[in-house]
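Modelling step: build the complete structure from the supplied sequences, incorporating the hints.
In case you want the letters, here they are:
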Amino acid sequence: MTQTTSTVAPSLNDSTKPLILQVADLNVYYGESHILRDVDLSVPKGEMVCLIGRNGVGKTTLLKTLMGLLKPRRGAITFEGTPLLPRTTDERARMGIGYVPQGREVIPRLTVKENLLLGLEANSDPAKRRAQAIPDEIYELFPVLKTMLSRMGGDLSGGQQQQLAIARAIMGEPKLLVLDEPTEGIQPSIILDIERAVRRIIAAKGISVLLVEQHLHFVRQADRYYAMQKGGIVASGPTSELSNDVIQRFLAV
Amino acid sequence: MAASILDGIFNGLSIGSILLLAALGLAIVFGLMGVINMAHGELMMLGAYTTTVVQRGFRLFGDGSPLFDFYIFFALIAAFFVAALVGLALERGVIRFLYGRPLETLLATWGVSLILQQFVRSVSGVVTASLIVFCLSFFGGMWVLKKRTNFEQIRGWAIAALLILSGVLARVVNRLLAGAYGLAVTQPWFGAQNQDVTAPGWLRGGIPMGAYQLPKTRIFIMALTILCVLGVYLFLNRTTWGMRIRSVTQNRNMSACLGIPTQKVDALTFALGSGLAGIAGCGVSLLGSVGPNTGQNYIVNTFMVVVVGGVGKLIGTVVGALGIGIADYVVGTGMLANLTNNEAVEGFFRFFATTSMAKVMVFLLIVVFLQFRPAGLFPQKGRSVDA
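Chains as they are written, first to last, in this note's numbering: chain V, 1 to 253; chain G, 1 to 387.
One or more hints might be untrue.
[Stated by the list, open to error] Sample of chain V residues with no beta-carbon within 10 Å of chain G, all distances over it, derived:
| # | residue |
| --- | --- |
| 1 | Y30 |
| 2 | P44 |
| 3 | E80 |
| 4 | T89 |
| 5 | P101 |
| 6 | I190 |
| 7 | R220 |
[Unchecked claim] Example chain G residues on the side facing chain V (calculated, C-beta under 10 Å, incomplete):
| # | residue |
| --- | --- |
| 8 | M243 |
| 9 | R246 |
| 10 | S247 |
| 11 | T249 |
| 12 | Q250 |
| 13 | N251 |
| 14 | N253 |
| 15 | S255 |
| 16 | L258 |
| 17 | P261 |
| 18 | Q263 |
| 19 | K264 |
| 20 | A267 |
| 21 | L268 |
| 22 | Q371 |
Honestly, the hints are just simulated from the structure, not real lab data. All values reported here derive from a predicted model rather than from experimental measurement. Glycine residues also receive a C-beta, built at the ideal position from the N, C-alpha and C atoms.
In structure tokens:
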């Protein structure tokens, strides 16, 4: 059952593209409080899907459940046709989900280089895992990282940590990149850098993206959006149809 | 004067390096994983017993033969692997179910320490045979049953039935063997009495240093400690697995999200810490006889070292161990009393100038120290261990 509003665009299922990620009927609880209610969501292959909604509606909870950091009470998640729920978090990462969490979660007492190399853990190419090398494209995307390879991850500024976290995820060459508020608390000039980098990654590699974002300019880059309210999906559609009305209602801007 | 200070430093370093060797494995397990392993001392004890077994084996070559002189190196390797394997079994079988629950871990590992103590007292031919039969039938049975498609439904019953079946089978084997061969197989290998380890010839005696003799065994232990610290440092900082361990230590969830196999990392870290305990056990076996309670003599001191040093950093463990070692010796021998002319102060230090009172003094100092630096000498900056 999906709650609908007048602004809801036609269902996404009319798309003929194969789905890389499908979330069905997902229900998550923290103790007794019901956080996610009957969430249905899908990411078509090669598309960028944005999840919007005010703080506390359950966006991050959804991503954490996707990564296996939280266990749902009911529902199913399928990634490229494989059920994800029986898999452990690290198995999901190695299946091809690159996760850039809220708050970056750079490993603080590891150097930037080590943080990047850890990204290789999820890479499906054993030769690349063995080589332990950082490809030049990483430095092209994020030139700032090249100058601070031997710095501790925890000593970087917020914007640099965010770039490091995205670069680290890219090192794993994921099929699906999951970004949780990559522009939160970051100075505007770096936001543009990050946006540009994410767009280049998508264009170059054709990877799919699931983005949680409040920054409107970035939201507009996505192909499709889902809007969340009180733990449920309340609206969805192509971002081209994202009206000011919806933005007013679901985005904290 | 200078000679006595030199003597104090050498002996302090010597005590400190034994502490360090014993605490190194604990620093990894407790410091990096946040697991309080009360059985750490018993893993040392197992290492020490492994040394006696290897030594018995090498006796076959003859006591004075050149091969016998090198038994200690084989013993070190064997002690490492025996303790690491037991540690691995402990982690997979008990501790992994208790991550994030320190009190339960404390109790469970204490129970394991008692089991291990009694195990070395009563281990004999039949006990080993029964254990092997039990493990073969239980794990073999589980392995066969796991191939069934409905395993998840019958899991509970399968475990209960196999436990009983394997227990009965082990008991039967036990009775049969004991009946057939009698004392030859029921006689405990070690029993409750202490075992003696003879240092190899080239480690007996000492090197004269002025008026003092530096015992070679102590120099050997110092060298062993330096090697182990260096080895652990290089492993943690220069290898991929070391990087994974450090990453999991600092942020377990994010490490998993990056695809690091956290369960394997946990098992490896624990096995490494346990293996180091085994090496420490081999080292301390050179200092005196080995008994089932050997490990208990070390466990309190080693925890002190880790707590004083601060969780999660090797340098803290090193400084903590050497500091406690030197303080122990300097207080215990009354060197401080000799340094002063004030009668009251001298009397005060004299009072603490025995081995056990020195411990009291050092512990008091540690308590005071922890009031001011509760996180130890080298506290972890930022996010710390949250296993």
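Next on the checklist: Holds or violated: the hint that G/M243 contacts chain V, with Cβ atoms closer than 10 Å.
Outcome noted: 6 Å, holds
Checklist entry - Holds or violated: G/N251 as interface residue toward chain V, Cβ cutoff 10 Å? => result 6 Å, holds
Next on the checklist: G/Q371 was flagged as interface toward chain V. Is the shortest Cβ-Cβ separation under 10 Å?
Outcome noted: 27 Å, violated
Item to check | Nearest-CB test (10 Å) between chain G and V/P101 | outcome: V/P101 not clear of chain G: closest Cβ-Cβ about 7 Å, inside 10 Å.
Checklist entry - Any CB of chain V closer than 10 Å to the CB of G/Q250? => result 5 Å, holds
Item to check | G/L258 as an interface hint toward chain V, with CB separation required under 10 Å | outcome: 5 Å, holds
Checklist entry - Under the criterion of a CB-CB separation shorter than 10 Å, is G/S255 in contact with chain V as hinted? => result Holds, about 7 Å.
Next on the checklist: Quick check on G/K264 please, does its C-beta sit within 10 Å of some C-beta on chain V?
Outcome noted: Interface hint status for G/K264: holds (9 Å vs cutoff 10 Å).
Checklist entry - Is the nearest Cβ of chain G still more than 10 Å from the Cβ of V/Y30? => result 16 Å, holds
Checklist entry - Does G/R246 pass the interface check with chain V, least Cβ-Cβ distance below 10 Å? => result 6 Å, holds
Item to check | Agreement of hint G/Q263 with chain V interface, Cβ distance less than 10 Å | outcome: 8 Å, holds
Checklist entry - Is the shortest C-beta separation between G/P261 and chain V less than 10 Å? => result 5 Å, holds
In the structure shown, a violation is registered for the earlier hints numbered 4, 5, 20, 21, 22, in ascending order.
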